[in-house]
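Use these hints to put chain C onto chain D, whose structure you have.
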Amino acid sequence: EPEVTQTPSHQVTQMGQEVILRCVPISNHLYFYWYRQILGQKVEFLVSFYNNEISEKSEIFDDQFSVERPDGSNFTLKIRSTKLEDSAMYFCASTERGLGYEQYFGPGTRLTVT
Amino acid sequence: DQQVKQNSPSLSVQEGRISILNCDYTNSMFDYFLWYKKYPAEGPTFLISISSIKDKNEDGRFTVFLNKSAKHLSLHIVPSQPGDSAVYFCAASEGWGNAGNMLTFGGGTRLMVKP
Numbered sequence: 010e011p012e013v014t015q016t017p018s019h020q021v022t023q024m025g026q027e028v029i030l031r032c033v034p035i036s037n038h039l040y041f042y043w044y045r046q047i048l049g050q051k052v053e054f055l056v057s058f059y060n061n062e063i064s065e066k067s068e069i070f071d072d073q074f075s076v077e078r079p080d081g082s083n084f085t086l087k088i089r090s091t092k093l094e095d096s097a098m099y100f101c102a103s104t105e106r107g108l109g110y111e112q113y114f115g116p117g118t119r120l121t122v123t
Numbered sequence: 004d005q006q007v008k009q010n011s012p013s014l015s016v017q018e019g020r021i022s023i024l025n026c027d028y029t030n031s032m033f034d035y036f037l038w039y040k041k042y043p044a045e046g047p048t049f050l051i052s053i054s055s056i057k058d059k060n061e062d063g064r065f066t067v068f069l070n071k072s073a074k075h076l077s078l079h080i081v082p083s084q085p086g087d088s089a090v091y092f093c094a095a096s097e098g099w100g101n102a103g104n105m106l107t108f109g110g111g112t113r114l115m116v117k118p
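Protein chains in written order, with our numbering: chain D, 10 to 123; chain C, 4 to 118.
Rather than coming from a laboratory, the hints here were simulated on the basis of the structure.
Please read these numbers as outputs of a predicted model, since none were measured by experiment.
Ideal Cβ positions, reconstructed from N, Cα and C, are used throughout, including at glycine.
A hint or two may mislead.
[What the hints assert, rightly or not] Computed cross-link-like contacts, DSSO-like style, restricted to lysine-lysine with a CA-CA straight-line distance of at most 30 Å:
| hint | chain 1 | residue 1 | chain 2 | residue 2 |
| --- | --- | --- | --- | --- |
| 1 | C | Lys57 | D | Lys66 |
| 2 | C | Lys41 | D | Lys87 |
| 3 | D | Lys66 | C | Lys8 |
| 4 | D | Lys66 | C | Lys71 |
| 5 | D | Lys66 | C | Lys74 |
[What the hints assert, rightly or not] Part of the chain D face toward chain C, derived, beta carbon under 7 Å:
| hint | residue |
| --- | --- |
| 6 | Val52 |
| 7 | Glu65 |
| 8 | Phe100 |
| 9 | Glu111 |
| 10 | Pro116 |
Just chain D, same shape as in the assembly (with noise of 0.2 Å):
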């Protein structure tokens, strides 16, 4: 069956670090997400891509946040100066269509920011 992947599974960073954390959604799909989850919180979504643009953000994805699709099969997430805040599980996820189709989720990257 068709997964998303992600990786690395686990990142240590020192603050002010930049990181990538890599995904490669399921290969027919056409739209991409970005969550993270902060320990002992809820899942909170950052950012949506379609079409090799980004179509919605949230509050949490400011300047020090990007996505990128270099290639036919990877999804990144670049977070340019990490914070010790930052320090949360991130979820990649996909799906076929829009509205009315489920998001698939890859197992999620641990950040660890010291």
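Below, chain C without anything else, positioned relative to chain D:
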């Protein structure tokens, strides 16, 4: 932001019995609802969804009920099995005009099914 709320942080049920997980929402623009299951160290796994034009959707042991007037949905699992033990998240999406299709999640309910 409490647009989607799951008031029970945990639920314990005996194997074979019915599990009922509840979810309330406040945003009347939500018109597509999903339930996800999550095991530790894994991503959310899609279980079942319902659009606002329906009040019930069934898939095997899982049934979701939607009461739009009460802004309430519930997930029924019958019969419950020990492998169902996980955290269950309710999620909602707003309107066909929302091209981003972002999901707003509840806080989750931890279900424990005892053998």
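Cross-check of the supplied hints:
1. C:Lys57 <-> D:Lys66: 29 Å, holds
2. C:Lys41 <-> D:Lys87: Roughly 25 Å between the alpha carbons, so the hint for Lys41 (chain C) and Lys87 (chain D) holds.
3. D:Lys66 <-> C:Lys8: 22 Å, holds
4. D:Lys66 <-> C:Lys71: 27 Å, holds
5. D:Lys66 <-> C:Lys74: 25 Å, holds
6. Val52: 4 Å, holds
7. Glu65: Nearest chain C Cβ about 2 Å off; hint holds.
8. Phe100: It holds, given that the least Cβ distance between Phe100 (chain D) and chain C is near 5 Å, below 7 Å.
9. Glu111: 4 Å, holds
10. Pro116: 5 Å, holds
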